[in-house]
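J.: Sequence:
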Amino acid sequence: MANFYQFRRALRFVSAGIFSFFSLTTASAQAPLPSPADTVRAMPEVALDDVLVAPAAVDTKEWLLLNADIQTELDGAVHNLYNFKFDQAERQFRSLRRRYPNHPMPYFLLGLSTWWKIMPSNTHNQQYDKTFFAYMDTATTKAQKLYDADNNNYEASFFLSAAYGFDARLHAERHDWRKATVSSKRALTYLQKSREANGLSPEFVFGEGLFNYYAVWIAEEYRWLRPVLWFFPKGNRNTGLAQLEDVAQHGFYTAAEARFFRMRILGSTRENNTAGALSAARDLTRDFPDNSCFQRARAQNAFAEGELTECERTSRDILAKINKGLPGYEGFSGRAAAYYLGYVEQHRYHNFAAAQDFYQRCLVFSESVGQTKGGYYLFAAAGLGRLAAQASNRPLAQRYFQVVLEQAERKSDLYQEAHRYLKKGAPARNPAAVEVMASN
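Numbering (this note's numbering) for the sequence shown: 1 to 440.
Hints in this document: simulated from the structure, not taken from any laboratory.
One should not assume that every hint holds.
[To be verified] Estimated spans, in silico, between C-beta atoms of each pair: (1) Asp75 - Gln126: 49 to 55 Å; (2) Thr131 - Arg348: 40 to 46 Å; (3) Asp75 - Gly325: 38 to 44 Å; (4) Asn272 - Thr131: 36 to 42 Å; (5) Gln88 - Asp129: 20 to 26 Å.
[What the hints assert, rightly or not] 20 Å max Cα-Cα, derived EDC-like pairs, lysine to aspartate or glutamate: (6) Lys424 - Glu406; (7) Lys117 - Asp287; (8) Lys373 - Glu406; (9) Lys423 - Glu409; (10) Lys117 - Asp129; (11) Lys117 - Asp87.
For glycine and all other residues, C-beta sits at the position ideal for the given N, C-alpha and C.
Required output: the full structure, derived from the provided sequences and hints.
T.: Spelled out as structure tokens, the structure:
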């Protein structure tokens with residue numbers, strides 16, 4: 001069971017048509033669904049060892065995806081989308097829809113904009129679900145009509161793979177394994193078709209790049225899934241990273257997504273390249289300064305790299321934008337920023353009053369979004385417990401350490417620290433903290 005929940009968390013790293021693969025492997029482990037043999041036997045054979053294959057002759061004159069004029073028109077809209085200026089972006093997408101009501105692109109872009117309204121909450125926010133599913137359903141319906149008219153329409157295949165993939169991802173997050181499985185199989189089917197157009201545009205390479213990387217990763221990290229993975233194409237980690245880099249540099253619609261996933265991959269435990277992830281996050285926040293997901297990643301990687309000045313500056317900016325009510329800035333970003341600032345105030349400036357305030361704000365942010373089972377919430381509670389203990393305020397220290405004891409995993413360092421304090425008493429006293437904590 002522990003392996004299943006670890007694997008489910010891994011789903012959150014995958015986007016577009018490719019995360020459908022992981023949604024399917026998770027879904028196949030659920031009792032209400034058909035057995036793995038039933039669900040994957042019909043999966044198509046997909047050979048991914050030859051890449052960037054361009055069709056010999058393709059009529060692309062009706063394709064909006066490769067239309068330079070459309071790209072020029074939507075350049076500002078795509079930038080606004082990733083900069084969380086959703087109203088401005090969606091006005092242009094709706095304008096495109098009025099002119100091309102039977103094309104999947106405007107519906108997919110409106111769905112993508114809705115997706116990024118969900119993302120700042122780590123997909124916990126469900127208020128946009130119906131809108132998101134409606135846009136992706138319309139995108140697949142429109143794309144299917146184009147594909148039925150011409151099964152060599154690689155643009156239609158692209159939108160089918162991407163829209164079904166996003167659909168699968170959110171259904172998996174909502175534990176609707178049946179729908180996630182169906183959309184997953186469809187996404188992979190159309191990914192196979194759209195990859196034939198890799199040589200036409202970097203947009204077509206994005207999905208395959210994610211698949212190549214994560215197919216290898218999932219097989220190495222979760223050996224117990226290998227019997228299921230036998231039915232899926234094999235990936236190539238280095239090829240996947242190279243493909244994402246190419247899309248990040250040369251793509252238009254998918255460039256920001258590729259940059260985002262490249263950053264997350266570099267900062268992952270497997271790659272352990274937080275310096276590279278921080279550099280990528282800096283570039284993303286330079287181009288999209290009001291994207292809370294990118295800012296949060298920058299603060300996180302700066303903290304991991306010991307770049308506390310940068311972490312502090314980014315975290316203060318996040319809290320300022322929360323106070324202004326900017327879209328996408330809420331409790332999930334606030335809890336991380338508040339914790340980092342509490343740590344900086346405590347350990348860098350030795351300003352225990354400020355540290356206490358930020359740790360408490362972290363608890364409030366965490367409680368406001370229902371995230372009290374671990375992570376920032378427990379680290380902030382432990383920080384408050386230490387400050388209280390150093391100030392000889394034993395009742396307050398006991399209260400915070402009791403929270404840690406009740407919520408932390410028994411084998412964790414935080415649990416052991418809380419247990420030792422509650423059993424044996426306060427650690428060494430820090431007189432500098434007495435004035436701050438003694439009266440609370």
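J.: Next step is simple, just say for each hint if it's right about the structure.
T.: Hints and how they fare:
1. Asp75 - Gln126: 49 to 55 Å: Between Asp75 and Gln126, where Cβ atoms are some 32 Å apart, the hint is violated.
2. Thr131 - Arg348: 40 to 46 Å: This hint holds: roughly 43 Å between Cβ atoms.
3. Asp75 - Gly325: 38 to 44 Å: violated, 27 Å
4. Asn272 - Thr131: 36 to 42 Å: holds, 38 Å
5. Gln88 - Asp129: 20 to 26 Å: Holds - the Cβ-Cβ distance for Gln88 and Asp129, about 23 Å, lies within 20 to 26 Å.
6. Lys424 - Glu406: The hint holds at about 17 Å.
7. Lys117 - Asp287: Holds - the C-alpha atoms of Asp287 and Lys117 are around 18 Å apart, at most 20 Å.
8. Lys373 - Glu406: holds, 9 Å
9. Lys423 - Glu409: holds, 17 Å
10. Lys117 - Asp129: holds, 10 Å
11. Lys117 - Asp87: holds, 11 Å
Of the numbered hints stated above, those contradicted by the structure are hints 1 and 3, listed in ascending order.
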